[in-house]
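Add chain B to chain A, keeping to what the hints say.
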Amino acid sequence: MSENKMKDAAYRSPDERLAEKKSKYTPKSIFLNGVLYENPALRLVLGTCPLLAVTISAKSSLYMGLAVIFVLTASEAIISLLRNVIPNKVRIPAFITIIATFVTIVQMLISAYFPALNESLGIYIPLIVVNCILLARAETFASKQKVLPSILDGLSMGTGFTLALLLMGTIREVLGCGTFFDMQLPLFGDVIEPMMFFMLPPGGFFVFGICICLVQIIMKKQEKHASGKSSTPCGVAGDSSDCLSCGGCSLCKGKEE
Amino acid sequence: MKLQVSHSPHVRDKATTQSIMLDVIIALLPATLAGWYYFGIRAVLITIISVASCIIFEYISRRVMKRNNTITDLSAVVTGLLLAMNLPVSLPLYMVVIGACFAIVVVKQMFGGLGNNFVNPAIAARIFLVIAFPKAMTSWTVRSGSWFSFDSTDAVSSATPLTKINTSEAPSLWKLFIGDKAGCIGEVCIIALLIGALYLILRHVIRPWIPAAYIGTFAILVFLFGKTNVFNFTGDLTVLSGWGDLFHECCYMILSGGLILGAFFMATDYVTSPLTTKGKFIFGMGCGILTFLIRYYGNMAEGVSFSIILMNILTPHIDEWTMGKPFGEVKENAKV
Chain A
358 MSENKMKDAA YRSPDERLAE KKSKYTPKSI FLNGVLYENP ALRLVLGTCP
408 LLAVTISAKS SLYMGLAVIF VLTASEAIIS LLRNVIPNKV RIPAFITIIA
458 TFVTIVQMLI SAYFPALNES LGIYIPLIVV NCILLARAET FASKQKVLPS
508 ILDGLSMGTG FTLALLLMGT IREVLGCGTF FDMQLPLFGD VIEPMMFFML
558 PPGGFFVFGI CICLVQIIMK KQEKHASGKS STPCGVAGDS SDCLSCGGCS
608 LCKGKEE
Chain B
1010 MKLQVSHSPH VRDKATTQSI MLDVIIALLP ATLAGWYYFG IRAVLITIIS
1060 VASCIIFEYI SRRVMKRNNT ITDLSAVVTG LLLAMNLPVS LPLYMVVIGA
1110 CFAIVVVKQM FGGLGNNFVN PAIAARIFLV IAFPKAMTSW TVRSGSWFSF
1160 DSTDAVSSAT PLTKINTSEA PSLWKLFIGD KAGCIGEVCI IALLIGALYL
1210 ILRHVIRPWI PAAYIGTFAI LVFLFGKTNV FNFTGDLTVL SGWGDLFHEC
1260 CYMILSGGLI LGAFFMATDY VTSPLTTKGK FIFGMGCGIL TFLIRYYGNM
1310 AEGVSFSIIL MNILTPHIDE WTMGKPFGEV KENAKV
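If you read the sequences in order, they're chains A and B. Heads up: the first sequence begins at 358 in my numbering, then just goes up one per residue. Heads up: the second sequence begins at 1010 in my numbering, then just goes up one per residue.
Same shape as in the complex, but just chain A (with noise of 0.2 Å):
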């Protein structure tokens, strides 16, 4: 990634690469945006829907998550190369058309080569349109930075995403069930009965509060970590109080420009 966007930042005119120096975006700080700052799911509490419907298992929370990254990249990439263009009066329809026409390709794709998958998913691949990440990206980031940013922080949210499904999706398999990715695991079964609650909707909330529990505690560690040697924890918005308290870097990011 670094590469190509040092390759990038060569065919710049000065001015633009002095309005990139000022962002503070760097591939570092996308990806650690994505996937831990301003984690979609367990730190902006996006997509909680798909979040709690198909983290029943490992296996379903992975492909949802793939799904996910997929779309994010692809219509970041579009919206970004289309931000010119687009009207502003109109950006949002224009935003779900594009993030509509990848969906569909991806639901087509699903439903051609992994009919299981598609059963097990269901409404969820069509539902990812109206996910609230795909809109948020779109409209906070995709819109304002160049191509290539973009597809990183598709990828990073996505990932970001990915993991937070698949760590509950874990959980709740592990618990719940007793197996992994479908694999029977030795404790579980004999010993310590799987318990049903974790499959059922409650304990998709019970793991969903742990979750974000926990990433609040890694935070509040890094947090501290960070004021110790006076850097910014947010790794992106200038002022990190700022963004603390309101839990959007790229909101505030918006507003300030």
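Rather than coming from a laboratory, the hints here were simulated on the basis of the structure. This list has only true hints and no planted wrong ones.
In silico DSBU-like links for lysine-lysine, alpha-carbon gap of 30 Å or less:
hint, chain 1, residue 1, chain 2, residue 2
1, A, Lys577, B, Lys1075
2, B, Lys1334, B, Lys1287
3, A, Lys446, A, Lys503
4, A, Lys503, A, Lys385
5, A, Lys581, A, Lys385
6, A, Lys581, B, Lys1075
7, B, Lys1236, B, Lys1144
8, A, Lys501, A, Lys446
9, B, Lys1144, A, Lys416
10, A, Lys385, A, Lys416
11, A, Lys578, B, Lys1075
Some chain A residues judged to face chain B by a derived CB distance under 10 Å, without partners named:
hint, residue
12, Leu532
13, Ile549
14, Phe555
15, Gly560
16, Cys570
Backbone N, C-alpha and C define an ideal beta-carbon position, used for all residues, glycine too.
Just chain B now, kept in the frame of chain A:
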């Protein structure tokens, strides 16, 4: 200093959390002993494990959260005892530990410890276990082997009397009253529960309003809308046994299941029930209506637990609604 919130008048009293909890433990003892008598030594084991793991989890979680130690207020012992009373005797022992962990760590300490839990920890743990292990939690047994048998397979599994009403297997009202039936460890012996409840009421630890409203509402609803209710009753009311038949279902439904245990010992939990008398009546009536609806129209045999937990969640709203007007306040629309 901790601010205590309650409605006026405020009366200074010698009661401490510890003394109240000790009273509750004493009141729970007759029913626990009766449960041990009916279900054998495995019931004793479940009770000990439940209480011990509640205390250990309380200690560990307070330690991890860097709060002061609260084992001595005995609230963890009460939770452990109530939880054990709410479990069937054949439950695998590790499930008891999981239930205790859920009650203390998740329901109680994660929300700030005693006084801040939004639902009764013992009932929440019971519901968690019912949802997590539906089969183990609903296999009720009547002991048939020796009293000293640890083996749960020694017991004969049997449906709770709730599902057996109007069948030939239905136990008599007297059997239900003294506790010779299938059920959870602590809920079977009604007479022992009533002795404990009487002790609590006489010691002014609990007020009788919630149990009275709860059981009363439930009885009236069964009387009016039960399976053999007052409208479709065909018996002969000119003889005494006809009257007995008329009230049979009412008494049967009150005496079976966990209604008495729930109404006197769990619905009256200070933290999760309303403060005002009016609020207590509303709370009890809500519990009664929900229990009736769940028992007659629901598909789970968890009327008492679910109704109490639902009303627990409504408690802050009931309190807000029934809070007394401060003395001397001018009415909103009063003419000046």
